[in-house]
Amino acid sequence: MRDDSEFVAFAQGSRDRLRRTAYLLCGDWDRAADHVQDALIRVYVAWPRLTRAGREYAYARRALVSVVLDHARRRSSSELVVEPDVHRPDGVDVAELVSARETLLQVMAELPPRQRACVVLRYFDDLSVADTAKALGCSEGTVKSQTARALDRLRSVFEDSSLGELTLGAGTW
Amino acid sequence: MVNDMRALLHDAAAAPPADDIDLATVLAGGRQRLRRRRARLAGGLAVVVVGTVALGTVVGRDADGRDTPAASAVPRPEGPVVRLADARQAKEGVDYDVVASQTNDNLDAANGRYFDGVTEDGKILFRDGPHGPENSMRYALLDPATGHKDWLPRFPEHQQVFPLELGRDRLVLLTAGNDRGTGLRAWVYDRAARTWASIAWAGLPDEADLSKTEIGPGGRLYVGVPATVGSPPPGGWPTGPDGEADDAGATGETYDLWSVSLTDSTDAREEGLRVGDIAFTDDAMVWSAATNGKNDRIHVRDLATGAEHDFDPHSGARCNLLGFGALDDRIVLSQYCGTYDNGRDDRVQVLTTDGDLVTTLQGNGLDGWVTGGVVRVTAHDPARPGTYVYEPDTGRFARVSDGNSSWGLGGPVPDGYLLWDTPVGTASDPQEPIPGATQWLARWR
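Order-wise, the sequence lines are chains A and B.
Residues 1 to 173, numbered by full-length UniProt numbering, are exactly what the first sequence covers, in order.
Residues 1 to 445, numbered by full-length UniProt numbering, are exactly what the second sequence covers, in order.
Derived by calculation from the structure, the hints in this document are not laboratory data.
Beta carbons: idealized from backbone N, C-alpha and C, even for Gly.
There could be a bad hint or two in this list.
Stated by the list, open to error - SDA-like mimics (lysine to any residue), calculated; alpha carbons at most 20 angstroms apart, straight line: (1) A:134 to B:109; (2) A:134 to B:187; (3) A:134 to B:308; (4) A:144 to B:134; (5) A:134 to B:158; (6) A:134 to B:178; (7) A:134 to B:132; (8) A:134 to B:157; (9) A:134 to B:131; (10) A:134 to B:237; (11) A:134 to B:111; (12) A:134 to B:181; (13) A:134 to B:135; (14) A:134 to B:130; (15) A:134 to B:176; (16) A:144 to B:6.
Said to hold, decoys possible - To give an idea of the interface, some chain B residues facing chain A are shown, with a C-beta separation under 10 angstroms as derived from the structure: (17) 3; (18) 5; (19) 6; (20) 11; (21) 16; (22) 19; (23) 28; (24) 31; (25) 122.
Please model the complete structure; the sequences and the hints are all you need to start from.
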């Protein structure tokens, strides 16, 4: 009979990290927990072919992104079909925002799900463009373009507010 | 003022509320999917069959009484019962004739070449791939008599593909409707025009389940859209004698039935019917009330008259319906019915469309489905593993192989053909798949 102890140890060790990623992907801690639970079920099914290669966490993160994007797609039958005007902070009343962190989360909530995922995977999980592409199941070029659009949007909101500049630390746009 | 993106993100996720992720639910959900997956028709890409069970005890012939939830011995189903030990060894040249085979030595290292089914006129749908960063694959129609491969025009799909109908005039392959794995898209190959066409339906809900699809006798595609799901009982599933959570007798799932035209993307309609699984005979549609859990009702609709009747299949009280099919006037139910001190209770129940019990194949780790005009049974019992064939009309029950590959291979075949696979090589660890597989295609006599 299949031994679940290794999977349980992995799930216990990774759930917190996955939940934080899920929260940034969806913006709600309760939904994040649900998404992680669904993702871990997918990992369980695939577990026997994952454990050998040391790619369990990457697979779990990819499963999580898939679950979150599935959910986002079901909530809205289509992603944004018109790119937002990066110079116009639609829906964001900057004057009422009290911190840069809340501003960031609010603007991220308005990003199309894949753009948001690019930001989270690149700058929270610190994945390379190639690894982000693997996690999203798309090309590296798509990751670059989606990330650039997301960053343009985020940067414009910060520049139009009193919060100052949004940077990537040692990185570049 | 400068705001660092990475610092802001980490700050935003720095103080999560208490973690209420339930690992027991994760394990129960994962195990249920494994059981469900095992009962599905193999097809599409090669995937590890992870639900293979290692079992130490053969179902005893001394089991007695009817289904009793708390019994420690596997109960006897109602009606006639056939066991794996009752099967005779099938012989090549007597029971079947092998017409082609295909071996991949190490599917754990890379994808290979596969038999994905057989067309109505006897050509093998031969797949090469997916390969490369774009998961490219190509198809050919292989003539088993000559070995000639007629390569089809470039197949543009890069997702997992499930052959559904392999006809004389057209091939119908299904994929998910989006890159998230939900929805439905069909690829239809016109064999005369040698062209691929893709069709999707704006009116079909995005949640349509690719695994819940059947072609009706009129060529219309029927698909289930998830309606209700079961859930573990409070406190989770009880632990069985093997130490595993035992979800026997689970509440089943239901689906709202839709149908779509394979030639008109605007033709998608809700059938106004909630079902578990569906299947078609030549003149009837049959469906269960629920699937992936307990089911106590089978419905039959005469397609010519619209007349309907239903009956209780008298499945065991703890039986989860995992697989469903129809053949002539027979209905085939593949079920998991609990784990007992002397092993798993798995059943392949055969009934008539009037509800009469024909027989139940019962064993320790088996599943079965309708293919090629017979019931193909896969047994994972270490004492009698392999592929078996049961003929509902004659009662012939024969063992074709003594081992199963670790991979989900194959596809639809016309009546009179049998496609199965056997392992090649040795697993590096009991938890690892056996790396290679040989697919065998035979004419069943």
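Holds or violated: residue 134 (chain A) to residue 111 (chain B), with C-alpha atoms at most 20 angstroms apart: Roughly 18 angstroms between the alpha carbons, so the hint for residue 134 (chain A) and residue 111 (chain B) holds.
Supplied contact hint for residue 122 (chain B), tested at 10 angstroms Cβ to chain A: violated (34 angstroms)
Distance restraint between residue 134 (chain A) and residue 157 (chain B), which requires alpha-carbon spacing of 20 angstroms or less: holds (18 angstroms)
Pair hint outcome, residue 134 (chain A) versus residue 176 (chain B) [Cα-Cα no greater than 20 angstroms]: Status holds; Cα separation ~19 angstroms.
Restraint status (C-alpha distance of residue 144 (chain A) to residue 6 (chain B) at most 20 angstroms): Distance ~17 angstroms between residue 144 (chain A) and residue 6 (chain B) Cα, so the pair holds.
Given hint residue 237 (chain B) paired with residue 134 (chain A) - CA-CA distance at most 20 angstroms: With a Cα-Cα distance of about 35 angstroms, the restraint between residue 134 (chain A) and residue 237 (chain B) is violated, given a limit of 20 angstroms.
Evaluation of the interface hint that places residue 16 (chain B) against chain A, nearest CB under 10 angstroms: Since the shortest Cβ distance to chain A is 6 angstroms, the answer is holds.
Status of the hint placing residue 19 (chain B) at chain A (closest C-beta pair under 10 angstroms): holds (7 angstroms)
Hinted pair residue 134 (chain A) and residue 187 (chain B), Cα distance within 20 angstroms: With Cα atoms ~26 angstroms apart, residue 134 (chain A) and residue 187 (chain B) exceed 20 angstroms; violated.
Pairwise hint evaluation, residue 131 (chain B) against residue 134 (chain A), where the allowed Cα distance is 20 angstroms at most: The given pair, whose Cα atoms are some 16 angstroms apart, holds under the 20 angstroms limit.
Proposed proximity, residue 181 (chain B) with residue 134 (chain A) (alpha carbon, max 20 angstroms): This hinted pair holds, its Cα atoms lying about 16 angstroms apart.
20 angstroms limit on alpha-carbon distance, applied to hinted pair residue 134 (chain A) and residue 308 (chain B): violated (50 angstroms)
Violated hints, listed in ascending order, are 2, 3, 10 and 25; each of the other numbered hints is respected by the structure.
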